[in-house]
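2 protein chains.
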Amino acid sequence: MREVGIGLLGFGTVGGGVVAGLRRNADLLARRLGARPVIRRIADLDLERDRGVPVDRGLLTRDAAAVVRDPATEIVVELIGGTGAAWELVRMALEQGKPVVTANKALLAERGAELFALAARTGTGVHFEASVGGGIPIVRALRDGLVGDRVDGIVGILNGTCNYILTRMEAEHMSFDQALAEARREGYAEADPSLDIDGVDTAHKAVILASLAYGGCVPMQAVRVAGIRGLDRTDIEYGADLGYRVKLLAVIRRAGEEAEIGVHPALVPTDHVLASVSGVFNAVSVDSDMAGRTLYYGRGAGREPTASAVIGDIADVVREVTAGGPARPAAIGGGAAIRVKAAGEIVARYYMRLSLLDKPGVFGRIATVLGRHEISIASVLQKEVRVGEYVPVVAVTHAARERQFDAALREIDGLDIVGAPTVRIRIEE
Amino acid sequence: MREVGIGLLGFGTVGGGVVAGLRRNADLLARRLGARPVIRRIADLDLERDRGVPVDRGLLTRDAAAVVRDPATEIVVELIGGTGAAWELVRMALEQGKPVVTANKALLAERGAELFALAARTGTGVHFEASVGGGIPIVRALRDGLVGDRVDGIVGILNGTCNYILTRMEAEHMSFDQALAEARREGYAEADPSLDIDGVDTAHKAVILASLAYGGCVPMQAVRVAGIRGLDRTDIEYGADLGYRVKLLAVIRRAGEEAEIGVHPALVPTDHVLASVSGVFNAVSVDSDMAGRTLYYGRGAGREPTASAVIGDIADVVREVTAGGPARPAAIGGGAAIRVKAAGEIVARYYMRLSLLDKPGVFGRIATVLGRHEISIASVLQKEVRVGEYVPVVAVTHAARERQFDAALREIDGLDIVGAPTVRIRIEE
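Line by line, the protein sequences give chains A and B.
Numbered according to the working numbering, the first sequence terminates at residue 997, and the numbering increases by one at each position without gaps.
Numbered according to the working numbering, the second sequence terminates at residue 997, and the numbering increases by one at each position without gaps.
You may find that some hints are simply not true.
One copy or two, either will do: identical chains are not told apart, so a pair holds if it fits within one copy or between any two.
Stated by the list, open to error - Capping the alpha-carbon separation at 16 Å, the derived lysine to aspartate or glutamate pairs in EDC-like fashion look like this: (1) LYS909 with ASP981; (2) LYS909 with ASP638; (3) LYS909 with GLU571; (4) LYS927 with ASP984; (5) LYS909 with ASP720; (6) LYS927 with ASP720; (7) LYS909 with GLU970; (8) LYS951 with ASP839; (9) LYS951 with GLU678; (10) LYS951 with GLU979; (11) LYS909 with GLU826; (12) LYS927 with GLU952; (13) LYS951 with ASP926; (14) LYS909 with ASP809; (15) LYS951 with GLU805; (16) LYS909 with GLU825; (17) LYS927 with GLU826; (18) LYS927 with GLU957.
These are calculated hints, taken from the structure and not from any lab test.
Owing to the predicted nature of the structure, the values given are computational and were not obtained by experimental measurement.
Produce the complete structure using the sequences and hints provided.
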């Protein structure tokens, strides 16, 4: 099978995740792509640190430029970050016509126009799914899924650190400083959290989304940015009284040939889907002329989710490089059929509504039958309603094997204390 | 600019939407794709009906096979539905090596394996984003975005008719029959709603998602299907008492080399994101080993959302057909920069927290200043807290131009009745 060589620049948290993910799901990827992406070289300044994933020492080097130049490097994956060395290396790769996969939002937001012009000139591509929304495939949703739509607006929660702080301030009545300290302890905020809490990180992502939606190059300076630093918990509480939740939003809204692009804390109605995005999760809501409102939700950062996005981009490039292979994974009918589990083997919790004679001890008989079938009850709710001589009793079970649950129900429905067939509904958690 | 010819089979609701969408966003698509998709022929049995979109009569024909064979047809778009004529026509197109775009979930679920094997043999593709979740780009999220992930589970609300009925039963305490009747009146349920309410439509989509996730061919017969017909509202109400909402779910859950695939009404905890999906909206939650949980939400059916998905697939094929052009839209730096709106011109509602002297008539002075700047107040909340001689007063405004709001705030903060700078937070609805 054709192998496609990857040169990895930056072997930090996400880099380690990419190496681990490519290894763990190597066969699955090969089957889906008809080719094998293989890490040929890894550049990092620190060659000693343990990344929790074993790699051949011979792959490692401190010379990132050599990795870019190496003929074995067909795809350059840039995970260094920032606009210094990363900029030089990405430019070098594009000049050599090598496709680049990057998670570097600052680089894209600040020098994206130059990079894309250069890539167009040398006939290659810059792939950046991992730069916005971590594991959420929002870049391809905008670029491919909504390619036929005119985008009217994008509202996003794009910074997990800020969303974590806001969630904790509201849920635990913490002050901003307390919540920030907790975020640091939990590893959700960096030693210097300025880029996050002052909204700059969110602004970088807003620029990338706006550029995707409108094709133009939006300069960072055009974006109005306000962060959440020093936000008073009083306002979170009064907001709640009024039916709102405070979120740090990126807001992009088109009106004719003009768009508002900004980042600011905002009140969002509690019943709005974005209001229910809590903790380190991210979400992006898109309004477009044909699809209407679509929303994308997931983990916006972290080793594994970001690595997932990087590998998705690597897969795109592998498909391009090996265009002789299947243009798209065959998807249906491609591999061996997965075995479908027999119904009785499914384990689930159940809601059951029983119709029972209104007499003492009746529910004990039900519990006995359930117990004999190894089903235990999590909660019981007796409704004060009578239907003839029967009362409805609702019980929620702990997890049970469906076969046993079915057998218990058959037995229960045969009892003389039961007035009507028991209603059952599965619980999905 | 290169034109790519489309033969459209089926000129019903979605077909009309595709024609309208391709026309309305023609320039935008051409810019994004570097080529123009153009409708060359349209086949339908009814040549007279008005589809709300003007088309040249010369494009129309009753002979669908002729459209497939026509050399001007480079892409076949099948929107006939069902597994009769559609199957024959799609097979004919694939045998001729012509790529097919289809929204036909029944065809894919029941004969997908044959179609994909045929496409692989003739070196072309079947594209089916529109078959699941309407305007939600869930197919490409699974196929491209999560290509490097092992999928552990998928839970989806995939039928808008059922979700509408369930939402109305809960919100308005309707019976199943009442809610179904209302759905019919509103145009959300067909004359014969069996495919929807008995879960068959959802099962078709579950088969497609499972096949995407696992690459195998899942036979429809392997899917356990239970619909919502005759669901008792009592259980919806008792479920609510217990903290759950009833949803018709497609559930796909992998355990080793085996997967559970089923469709059934289920209780979902009220604070689960899927519980907040109401009315005709759809959502799909995916658990995978790297990205973790991602969720996709939007309109699952309807003319425009489905047409959006069809056009997204057409765009994919256009990119393949014209591979000389840009492999991917340049996205950043591609077109002319959109103008970024000046901050002061933004119109929004605001939350403001004032610190006011605790004296009669004080708020009247604030209202006067706001009124002079053409800002009207939607609601006021006086908190029973005193900070020295000041009390916090929270006001929510109607929409106002930011420039005027800023000017009003400057004036207010200069008043002798104001004890501290006013806090303001934008409201995003």
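>> I'd like to know which numbered hints this structure contradicts. Please list them from smallest to largest.
In response: Numbers 1, 2, 3, 6, 8, 9, 10, 14 and 17 - these are the hints that the structure violates, sorted from lowest upward.
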